[in-house]
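Kindly produce the complete structure, drawing on both the sequences and the hints.
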Amino acid sequence: MTVTMVSWKEAVMWGCAGLLIPLTGWALFLLVRRSDSRDAERADEEPDEWRVPELTVVGASRSLLHRWDPRFKVCSLLFFAFCAVSVQRLPSAMMGLLIAVGTLGIAGIPFRFALKRILAMVGFLGMFFLVMPLTVPARPSDTVIVVHGLEAIRFNPRGLWVAALIWTKATAVAVLMEPLLRTTPFPTTVRALAALGVSKKLCQMLLIMYRYVFVFRHEMARMWVGMSVRGFRPRTNGETFRVFGNFLGMLFVRSLERTQRVHEAMVCRGYQGEFPMLERFQGQRRDWLLGGFWFLLGVGMILSDRWGVPHLVGPGPGLWR
Amino acid sequence: MHIADGVIPTGVAVGCYLAAGGCVAVSLRKTAAEDLPKVAVMTSAFFVASLIHVPLGPTSVHLLLPGIVGIFLGWSAFLAIFLGLLLQSLLFQFGGLTALGANALMMGLPAWAAGAVYSVLASKGGARAPLLGGMCAAFAVFLAAVFLGLLLASSGEDFFGVAKLAMAAHVPVAVIEALVTGFVVAFVHRVKPELLQAGVAGGANR
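Taken in sequence, the protein lines are chains G and Y. Take any residue in the first sequence, count from 1 to its spot, add 2: that is its number in the working numbering. Note that the working numbering gives residue 186 to position 195 of the second sequence, counting from 1, and the numbers run on in steps of one.
These are computed hints drawn from the structure, not numbers from a lab. Computed from a predicted structure; not experimentally measured. C-beta: ideal position from N, C-alpha, C; glycine also. Check before you lean on any hint, since a few could be wrong.
Distance condition first, Cα-Cα at most 25 Å in a straight line; then the derived PhoX-like pairs of lysine-lysine [what the hints assert, rightly or not]:
(1) K21/Y - K202/G
(2) K115/Y - K21/Y
(3) K21/Y - K203/G
(4) K115/Y - K183/Y
(5) K21/Y - K183/Y
Just so you have them, the derived chain G footprint on chain Y, three or more residues with Cβ under 8 Å [as the list claims (entries may be wrong)]:
(6) -5 to 8
(7) 160 to 172
Right, dumping it as structure tokens:
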């Protein structure tokens, strides 16, 4: 382990430079939120966190990904996702991210959809960036930075590399979710899962949820407007917790009553424990070829991660040791 | 806090998937077939409830709800949590799809535990329902924090620092969760006590 001493001045300078990254992220976050509230028509009282995105089909509708049999799509992209999270070097992780962004481009999906997913992970992954450089144990090959006069705090740059590796992998999979989910209508994706052997009961429940989440979200918004006009403003105090408790309790009681009505309505329409399948999936040669391509891509990434690529940036493999 | 993709080793992620799959199968078997749509509708309600952010000083936390799901749904709770997390991952990217097994175990097992503790103690009739519900909720969040710490620590000693911080961050969440759950249970106890006693529509707890 090598120790590099730096003076206060240098430490402050580097600290300011390091702050630029989270600040840029924050600015991006605000930008997306602004553009969001502009195109959404909604009551002003409703908090931002309640917005539930619909998984609508977007992009160039005749792209390769849109025409791909959803069964093959789900299998291949999930397999690739597992390969992409298994790599342990930054260059291969970046390759995975590049492939994911490329797929997004081929599907013709606007980048802001992917950006929203990336921003959702900022809290969890930001924690790694802040904590890891200060807590990662020093290995013999590491160089730690110590500020003159503050010897107790050791800044280990390897922690930053580990955080960057995790961020890159998580972002690659997050970006890949868009071409997976937005090139087929969601119910079709779920039926593809059922055709692949996932429990039919689970798939059915997922479809019911995808419907009622939006119903209850509107119900919640209505109740919230009622509370707001009666003067309720959430704060950190016991009264707020009591009101939230009643609010949720009311939501659950209403939901329970609704489950009864929904169930009766379903039975009236001839529900006998199964939804009819409307699609019939048929694999063609193109589907198999695309699937094989993604399989090879994933395997190739793992192999090159273990034995191939010279590590250009950051320390060598050694995550999860 | 939900684990994102690429944090835990792939072996652990796959192992958690298998374990979670087993738990889902148990949960499915313990739920009567005609109750499945009802559990799904109820799960949607829990899903939107977890979107609510409770203010905490300058910041805010969202409710995790494993305690309340366990109390209301009993054996079906794991199923509900698994599906809720799956939909959350698909819609928002809160928690990665490759880490879904780990996230489901982390929240689903505490929900089962809280539900079991609640139903045993409530049937004895000792403590008052809201107090008991609040304590079960705090217990579930505490268990979830321990699971999260263990899962993060499974990634190697580099992750120990993050694991400790993530666990510490759950302390205020547990307090708020306990308070809100206590009030929810008090409300439901007054308005619709059968929801607490019998699980969803009376059939889910068989």
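Original post:
Does the structure break any of the earlier hints, and which numbers would those be?
Top reply: none
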